[in-house]
Structure formats: structure tokens, C-alpha cells
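Work the whole structure out from these sequences, hints included.
Protein sequence lines, in the order shown, are assigned to chains F and X.
Everything in the first sequence is counted per the working numbering, starting at 262 for the first residue and increasing by one.
Everything in the second sequence is counted per the working numbering, starting at 415 for the first residue and increasing by one.
Any given hint could be a false lead.
In silico DSS-like pairs for lysine-lysine, Cα to Cα no more than 27 Å straight-line [said to hold, decoys possible]: (1) X/K583 with F/K673; (2) X/K583 with F/K404; (3) F/K573 with F/K506; (4) F/K572 with F/K404; (5) F/K506 with F/K673; (6) F/K673 with F/K404.
Hints in this document: simulated from the structure, not taken from any laboratory.
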Amino acid sequence: MGSEWVLTDPDRLLVYEADALTSRPFPPQAVVLPTSTDEVARVMGILHGNRIPVVPRGAGTGLSGGAVASRGGVVLGTARMTRILEMDPENRRALLQCGVPNSTLSSAAAPHGLYYAPDPSSQTACTIGGNVAENSGGPHCLKYGVTCRYITGLRVVLPHGEVVWLGGQGREAPTFDLVGLFVGSEGCFGIATEVEVALIPLPEGVRTLLAIFDSLEDAGRAVTAIISRGLLPAALEIVDRNTIKAVEASIFAAGYPTDAGAALVVEFDGMEAGLALEAAEATGCCREAGAREVRQAQSSGERLALWKGRKKAFGAMGRLAPDLLVQDATVPRTRLPEVLGRIDEIAQRYELQVANVFHAGDGNLHPNLVYDRRNPEESRRVEEASMEIMAACVAVGGTITGEHGVGSDKRKYMPLVFSPAELEALAGVRQVFDPQGTCNPGKVLPERPAREEPGGSTP
Amino acid sequence: MNPTILQALGEILPAEALLRDSAASLPPGSGASVAVVAPTSLSQIAAVMERASREGWRVLPAGLCTWLGGGGAVEADVVVSTRNLRGLTAYEPADLTFTADAGIPWGTLREATRLNAQWLPLDPPGFREGSLGALVATGASGPLRQAYGTPRDHVLGVTMVSGDGRVLKWGGRVVKNVAGFDVTRLTVGSWGALGVVTSVSARLFPLPERDLTILVRAPSAEDLLGPARSMALSPLPFSAVELLEPVGAVSPHLEEGELKAALALRVAGSEAQVREAEARVFDESFLRNDVGAGSALRLRDSESVAFHDALSRWEEGVPLVLRLSALPSRLPSLLQEARELRTRIEASGGAGGWRQAAKGREVSVPHGPGPPAGEGSGYRIAVHVGMGVLRLGIRLPSEEGDALGKLAGDLRALRERLETAGGTLTLSQGPPALVRDVGVCGEVGTEAELVRGLRREFDPAGILQAGRFVV
Numbered sequence: 262m263g264s265e266w267v268l269t270d271p272d273r274l275l276v277y278e279a280d281a282l283t284s285r286p287f288p289p290q291a292v293v294l295p296t297s298t299d300e301v302a303r304v305m306g307i308l309h310g311n312r313i314p315v316v317p318r319g320a321g322t323g324l325s326g327g328a329v330a331s332r333g334g335v336v337l338g339t340a341r342m343t344r345i346l347e348m349d350p351e352n353r354r355a356l357l358q359c360g361v362p363n364s365t366l367s368s369a370a371a372p373h374g375l376y377y378a379p380d381p382s383s384q385t386a387c388t389i390g391g392n393v394a395e396n397s398g399g400p401h402c403l404k405y406g407v408t409c410r411y412i413t414g415l416r417v418v419l420p421h422g423e424v425v426w427l428g429g430q431g432r433e434a435p436t437f438d439l440v441g442l443f444v445g446s447e448g449c450f451g452i453a454t455e456v457e458v459a460l461i462p463l464p465e466g467v468r469t470l471l472a473i474f475d476s477l478e479d480a481g482r483a484v485t486a487i488i489s490r491g492l493l494p495a496a497l498e499i500v501d502r503n504t505i506k507a508v509e510a511s512i513f514a515a516g517y518p519t520d521a522g523a524a525l526v527v528e529f530d531g532m533e534a535g536l537a538l539e540a541a542e543a544t545g546c547c548r549e550a551g552a553r554e555v556r557q558a559q560s561s562g563e564r565l566a567l568w569k570g571r572k573k574a575f576g577a578m579g580r581l582a583p584d585l586l587v588q589d590a591t592v593p594r595t596r597l598p599e600v601l602g603r604i605d606e607i608a609q610r611y612e613l614q615v616a617n618v619f620h621a622g623d624g625n626l627h628p629n630l631v632y633d634r635r636n637p638e639e640s641r642r643v644e645e646a647s648m649e650i651m652a653a654c655v656a657v658g659g660t661i662t663g664e665h666g667v668g669s670d671k672r673k674y675m676p677l678v679f680s681p682a683e684l685e686a687l688a689g690v691r692q693v694f695d696p697q698g699t700c701n702p703g704k705v706l707p708e709r710p711a712r713e714e715p716g717g718s719t720p
Numbered sequence: 415m416n417p418t419i420l421q422a423l424g425e426i427l428p429a430e431a432l433l434r435d436s437a438a439s440l441p442p443g444s445g446a447s448v449a450v451v452a453p454t455s456l457s458q459i460a461a462v463m464e465r466a467s468r469e470g471w472r473v474l475p476a477g478l479c480t481w482l483g484g485g486g487a488v489e490a491d492v493v494v495s496t497r498n499l500r501g502l503t504a505y506e507p508a509d510l511t512f513t514a515d516a517g518i519p520w521g522t523l524r525e526a527t528r529l530n531a532q533w534l535p536l537d538p539p540g541f542r543e544g545s546l547g548a549l550v551a552t553g554a555s556g557p558l559r560q561a562y563g564t565p566r567d568h569v570l571g572v573t574m575v576s577g578d579g580r581v582l583k584w585g586g587r588v589v590k591n592v593a594g595f596d597v598t599r600l601t602v603g604s605w606g607a608l609g610v611v612t613s614v615s616a617r618l619f620p621l622p623e624r625d626l627t628i629l630v631r632a633p634s635a636e637d638l639l640g641p642a643r644s645m646a647l648s649p650l651p652f653s654a655v656e657l658l659e660p661v662g663a664v665s666p667h668l669e670e671g672e673l674k675a676a677l678a679l680r681v682a683g684s685e686a687q688v689r690e691a692e693a694r695v696f697d698e699s700f701l702r703n704d705v706g707a708g709s710a711l712r713l714r715d716s717e718s719v720a721f722h723d724a725l726s727r728w729e730e731g732v733p734l735v736l737r738l739s740a741l742p743s744r745l746p747s748l749l750q751e752a753r754e755l756r757t758r759i760e761a762s763g764g765a766g767g768w769r770q771a772a773k774g775r776e777v778s779v780p781h782g783p784g785p786p787a788g789e790g791s792g793y794r795i796a797v798h799v800g801m802g803v804l805r806l807g808i809r810l811p812s813e814e815g816d817a818l819g820k821l822a823g824d825l826r827a828l829r830e831r832l833e834t835a836g837g838t839l840t841l842s843q844g845p846p847a848l849v850r851d852v853g854v855c856g857e858v859g860t861e862a863e864l865v866r867g868l869r870r871e872f873d874p875a876g877i878l879q880a881g882r883f884v885v
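Below you can see the structure in the form of C-alpha cells.
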């Protein structure tokens, strides 16, 4: 690859010691930055032959500590693999290298009237390869679904360096949906170097509403009413009182009233005809649920303003404390009010401040805990409160992560959702792809299953 | 039935779970020794699978047993049917999700969700007679795939009993879930090669307020291919774009004189959306010129639903059904391939009729507007235009000489051409000898080792779909 693309200087390695979960840094021993499938395959082969752990990494925007060399070894960065190999509007597909940023793909498709639907908040930075690894979501997956739905083919370098092609548009694959299995495998099955995606037409029109409520419960009732009417908004997003306060006190102030209990963003998109009616119906639902105010964007500038309080929420929380733990869990939508009450109670008991931002339509919540990691006692409370929050979500039929992944951060919660037999089977699945256990070790599966780690014995 | 196996099953299962009379409904050539069981609980299924794995009994997982053997003979010692597990175990309409036992008949599920103005928008061939579990296990889809995707896009979680009797739950009933590897996706479309799916959670959609199918008719499919492609690529929210020839294969009264082919544009949504889409379709140049003028029909709401229900029975009783797939831009060449294959079969004395294949096999009689099996023009073509899938239903060559052997050779050559161009050829149904000879699907590529490894993980004794599932 050229020695300039193999980084070993400790200063340069610092960049790679953490992803967006910054609390537990692990500097890698080296970083390699290949440009092609062939180079990746040769790098993987060498590392495999020497039993050196390899950690795939896109833009490092992940929130679960997944792209971090927690067991040492080499980070394989995809930052130079940024070519769009085929833009094929005739078939509404594209083939691209894994390091292409999410929004770059949509920009490239736009002249053809197409776009790539999944839009995680970090979309200007995060890469398609990272999205594949995490099965990323975003605010618009209520209507459009998550990454998995749009990935149709993958060129994968397996941990031992072999290259395989999985799936592909135009094929009715004669075997298992290995693309579906690979998406969301968090770098444990190898590296997807080339990704084939399905593109969809840009919506003709968009209507965006912002409804202000006195309480979170009222906002929740509005969401239920909208869904019950058979409306399918592109997005249904809620920010709570603490989040509104943080945003309005920051440079991102979006004009949300600071005494409000919750703000709900509702967006419809699609064919222009019918959008006005849908927006009117949703406005009615909000008013009936007690909204004190419903604003509708009249221009794209106003639309961005309405979204601002939601999109900048995480940034604004930086004002509250030095550290922010962005939690992620999903519950059945109808259990949201109850779970939010539980979270509130847990935070109070641990004397922590929690600010909630959530994809209400999907039941995907992000309770954010602000703290100072230099205070070990407070860090411990954050840790314990997180475990209780996860348990509360699982207790109502939810799960421990909706879109951020397990990474290294959430391995400890895995036994909340999987039985020992299931964890064992997951370890077995991983072993099919990576018998030696050197591809992103120490991620996803908890410590226990003996088969996960190299040298572990099969019971 | 094998007396040893039967005795062992008798120890595990209650008497009502042993279906003594069902051997009669097995496809021809299945042999008299196949035991068919329909356990009444999850733990019974686990016990059967655990024992089967230990003893090395070959097991075929099944749903309502309407399509046992998938068109071929059943090569198994035990068929494990989920038809006694058919509850709708959780349904919260406001969540737009449900959980149901795998054996729930499609009709039961459709009715329960319809009462809440919701639906599971899937319409694969023959789905009306099948179970939810079968839909998931086959991962099959129909014309609605244009807008809604395939079962992999709807299933949120599954409970399965693995080949060696482990009860494993994957996913859940929340719409976003990235905890652990996505074994749910692996299970969808795995044809029972990993285990018996016993329960399924999936997401639902609001039932569209209006449902309209615009039928544009013309003498041949080729006349309509251009408009079909441009419609499939337009931003109009079609839920299906299907090209049919003859359209009489769906409903005889839709065929008028020279107008044998039809483009069926289905749009389902709110009143305003459907009205707008309708206006825009009729503003298209292909409907304003001579070809289009006067040829278009509108099927509204219940008529539109009935048309698509009939379309889902399009494969019933057809002797040979092939699926040709390619990127949608290659549809003209798929259509040409289908025409040439038909010519070759006709030339080799395509006297073997529709009826022949139905002989000795239970073919459900179509109710509603579908044509009775055995009639028609001896072939039928249906294209999912947006997906690049062409289905060809066709009669078999006569049994004289080696016409079937010649057909097998033609199919292998066709498969090779399609695969070279990045496509596939699948034999959906046909005479068992031909299917065995040509293979249902082509070879699995470089990923074969992974597939084998995954099968070993879930079915260490190799008792599931032995010799049937590729790899």
C-alpha cells in the first residue's frame, strides 16, 4: 500500500483510539488505510496469518465503541475507499466503495432524481460501510425502513482474506440471505469493501410540522392518534423538556418555547397530492391531544429551523456537562409513556440528569445521561442507571439497541435479551465467518461464551 | 410409515399430533414411509427435533401442508407441520406489529388485521392457501414487492426450533433492533434448512384507503415494455407494476380480441394520491396515442384487490413455471429468452398439456375469475417490471422421444446465459424428474462454505432439507 498508509506514530494513532463513545479509549498498535478490495484482502491475509486482531473502521462516528481496538491490534480504516463505482439510475442502484459517506451517495444520486433513504444523524460524515456494519437507522425509517432494506449486494473480504460476493440485484439468490445476516454484524464477519445499494425516487413534496406540548404524555398521545388514523409519516420525532432547555440555551437555539414539556416534529413526504390533507389531519391529532401550538414550515428554510432543535440536540447537550452518554433502546411504541416514566424515576434515584430525544414512531429512544467522567462516583451511577434503563426497556418487550449497535459498550446487556443458548448460537454464527476470532474481537458478544475468543474451547 | 420412527414419535407426541391419514396428500413418489406430525406445542416440536437429530431422521418442516415437497417428492422420514400452532398471540394495532404462531393461515391473519384497517403487504404465489410460517420460510414475494419489498423487510423476529431441538428466539416485536447478529434475516427464506420456524413477529402497514389498478392493454407484451419500464421508474407510488400476457391467465374477460397483453399498474394510498396518480398515468403519451387509446381499464378497490388475488393464483396447475431474473434494464432480453424457449417447446411437439402435470397431484380449483387449470394458450408470462423478474408458465413438451431431456438441456443453457449476465433461473414448479435434473436454482457461488457452516451450526446432524436445499 505504501508505507505512508501504515500509521504507527503514536500521535497519529490518537485519532483512532475511540469512536464517538469517547469514555473508554484504546489506542491501536497500527492503522492501515487501503484503497481497494485487493489491498484489503492482502492486509487481512497477513493479519490473519499472524493472529493479529483487526478492527474495521469507517468514519468513527459510532456510539457503541465498536470501531475501537479494545483487544489491541490493527485498525483498518476505509477513509480512502471513497469511489462510487457505478451509478445506475436505469436500475435504481449504485455500487460503491465502503468509505463513501452516506450523504455523498445521496448527492451523487440527486441529479437522477434518486436518493439513498437511510439518514443517520451523522450522515454527512458516516460511511456506507459503517452503516452496513451497524444496520444504521435515522429519523426517517418509520416510513422507509433501516439500512438492511437498501443493501442488495456486498463484496466481503472474510477475516482470512478470501473475497466473496453476496447477493446482488437482478439475482434471486439460490441460498440464505447472507447480505441480511452480514448487515449489522459490526465488523465481526469481515469487511464489506464494496456495497450495492437500492436507490429510491426523491419525494416530490415534504410537509413538516412542529407541535409544542405541555407534557410528554400529551405528545405521546398525539403520536398514537396519528398512527391510529392510518397516517404513515416519514418521521415522528420527540424532544423532551430537558433537551429543549439545553438546545435553547445553546448556539443552536431553534425557537422552541423553554417552558414546553415536549416538542414533536411530524414530517410527511411523497407525491405532492394528499400531503396537505395528511398534514391537516396530523395537526388535528396534535391539537386534540392538547398541543398548545402547531407550526407548519412554509419553506425549506423554515423546515430546517423546525428540525434544528431535534438535529442539534446532542451537540447542545455538551453545554450541560463534559460528558454525554447517548443511550439507545427500542420499546413497542405503545409502551413509550410508561417507559419514559420509568426512566425519569431511575434518573432521579441516581441523581442524574436525563434528556430524552426519540424516534417516537419507531419506539426508539435515546435517553441521554450527562455527567463528568473524571468523577468516578458519578460515572458509576451512570453505569448503574444505564443497566436499569435497559432492563426497563427489555421488560416491556423492547431491546437494548435500536440503531447504535452493541459494540464494546453494550455487551454486558446482551444477556438481558438473549438466553445462554442463543448467545452460544450467535457465537457459533460468528465462528462460521471468523473461526480464529480475530476480526473485531471483544465486540457484540458478552465475555462468557467460551467459543467467542481465540483459543476458547467448545463445550 | 417406518414403525420404529412412528413408535418413537408416539412416545413424544399426543395421539392427535400424529396425522395418520395425511400420507395420501403427499406428492407422488414420496414413499409410504413418511410420517407426518403436527405437534400441538413448541416443546413437542423441540422434543421431536432433538430426537430426530439424535436418530438421524430426515425432517421436512412444513406449515399447512398445502405445498409439501415444493413441487417435488418428499424425501424425508418425518414431516413436522406447524398447522396445530395457529394463534395470533399478540396484536397491538397502535404498534403496527403482531406476533403469531407460524401455522396461522394467511386468511385468518388477513382478516384480523383488516378489521383494524391494517395489512401485511405481501402477495407471493399461492400465499392465500398457506401459513405465515411458510411465507417466512420461503421468503417469497409477489407484485407488491415493487413498493413493499419482501418478507425480509417486514419480519421483526422469529422463534425457531433448530435442527437439534434448541428453542431460539431472534429479534423481537420492535421495528428497530440491532442487538446481536441478525439471525432473523438469515431465517427468512432459509426454506427450513436451519430449523422449524414456530412463531413470527412482523410489522404491519395502514390499509390503503383506495386501491386502483389501471390495465393498459395491447396485442403483445413487447408493445407495453417501454411504457412499463417508464412507469416503474417514475416517482409515482405504484404498489405493483406487472406486465401480463395473456391477461386472460388472470381473468378471461379482460382479454378482448387482439388485446392479449396488459400492463397492470396498481396504486394504493389515500384518495387524493390515487386520484392524482390516475390522472398522471392517463396523461402519459402511451395512453394518448393509438396503442393506448381505448385499451385501458380501471379496476377500483374491491375489483383491484380481486384482480391481484387472482394474479396470486397464476401458477396454479401450470405444468412448468420458470423465474428468470436480471437487472430490470435487461427485461427486453428476458422477454426474448422466454419467447424463444416457448418456440422450442412448441416445436418439439408441445402436446403435453396443462392437464398432464396436474395428474395425480392435488391442484386446488381456482375460485373467482381465474381460468380453470388446463386451458389457455399453453403459456403465460408475468413480469415484475420494477424488479427484473419474469415468470414463464408453460406446458411441457410431449413425452415422445427425449423431449424432456432436450428441455433440460435448453434450461441449463438458459441458466448459464442468465447467470453470465448477473441473473438467475429458478424452476418454481415442474415435473420432479426435470426439477431434479436441472436443479431448482443455480449453483451457490463463493459463499458456499459459509452456507455449509451455518447449516452445521443450526443443524449439526444434517437432517433438515437433506439433499433438497442447495449446498
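Hint-by-hint comparison with the structure:
1. X/K583 with F/K673: 19 Å, holds
2. X/K583 with F/K404: It holds: about 26 Å lies between the C-alpha atoms, which stays within 27 Å.
3. F/K573 with F/K506: Within the cut-off at roughly 12 Å; holds.
4. F/K572 with F/K404: 19 Å, holds
5. F/K506 with F/K673: 32 Å, violated
6. F/K673 with F/K404: Violated. F/K673 to F/K404 sits at ~32 Å, over the 27 Å cutoff.
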